[in-house]
Amino acid sequence: MSQQVRGVVARKQGAPVEVTGIVVPDPGPGEAVVRIQACGVCHTDLHYREGGINDEFPFLLGHEAAGVVESVGDGVTDLAEGDFVVLNWRAVCGVCRACRRGRPWYCFDTHNARQPMTLTNGTPLSPALGIGAFAEKTLVAAGQCTKVDPGVPPEVAGLLGCGVMAGIGAAINTGQVGRGDTVAVIGCGGVGGAAIAGARLAGAREVIAVDIDDAKLAKAVELGATQRINAKRAEPVEAIRGLTGGHGADVVIDAVGRPETFEQAFYARDLAGTVVLVGVPTPDMRLELPLVDVFSRGGAVRSSWYGDCLPGRDFPMLVDLYRQDRLPLGAFVSETIGLGEVEAAFAKMRHGEVLRSVVLF
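Here UniProt numbering is used: the first residue of the sequence shown is 1, the next is one more, and so on.
Since the hints were made in silico from the structure, they are not lab data.
Predicted model, so just to flag it, every value in this text is computed and none were measured.
Straight line, CA to CA, 35 Å or less: simulated DSBU-like cross-link-like pairs of lysine-lysine:
(1) K12 to K348
(2) K348 to K232
(3) K348 to K147
Here are the computed distance ranges between Cβ atoms for each label pair:
(4) G102 to T336: 36 to 46 Å
(5) T77 to G242: 52 to 62 Å
(6) Q176 to G245: 17 to 27 Å
(7) E81 to G245: 51 to 61 Å
(8) Q176 to P328: 21 to 31 Å
(9) P16 to G298: 44 to 54 Å
Ideal Cβ positions, reconstructed from N, Cα and C, are used throughout, including at glycine.
Using the sequences and the accompanying hints, generate a full structural model.
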């Protein structure tokens, strides 16, 4: 029997979000209903509200979440009622060409729940990233649930569902930071901060934080940065080179996703170094680079989608590292809020006042 719960909905582009009743159906084959315990407020949710992802309004926002499985549908064998899970938006299919080649983190056919959640008047909702977790309960594909140690606070565990995993994965999985490497991270919000933590976890010798906000740079040092550059007071490429013997960093991660920051990352790397783009650009952005520079500098230019993660592999590992006090996930939680405070959290995010606001249920 379907259930009515409260959720945060964006009805039209740019309009303030509202808390309203939504209908969650019973799970069908391959699906699960999850009672949400915590959900982070991510820039992607704001992009949905602003129409920057698509125009399939109304949206049920929220996707960076942890909770407890309430019920499962037919054919679900690896989840049970009461399991503590982190939700992910990459339920791999196991049969596409990427999965068959042993690269499931590139799965070309990830899937979501088949049934729609709706407003109380029957209007279908588009759940953010196929999750929709600014709600007391949500319906997802069973493969979107990753079981982790239930001893971890949900407001910490849920962060792995998007931004923190994207940043850590950009350093470890995409950038393949190794012991003794020098790393620069441009943009020290939630994703950039996580990239810094990931680089230190991987054994980087120097991690250079670049931002225009001194408060974010101070937080970057807490997360493992060894040097910091305020781009309002110093030209980033020259400053990064000055801190790396004139050579540039082995890996430069652009966690902003703008043409100017990508160009800085491109020229701030050492010869044969790696550039990783993990910041999300908007569709209108264009980049111009001399092709001869792309050729002559060698190395690699990579984009990192969700940190090239495999949730079933990476989430439990990162939770274990947190429990061993080797990964400061709690440092990303700037505040905990109620369901009705999401719009205010968006404003704080715009002004750079928080790494993560987290809705607690």
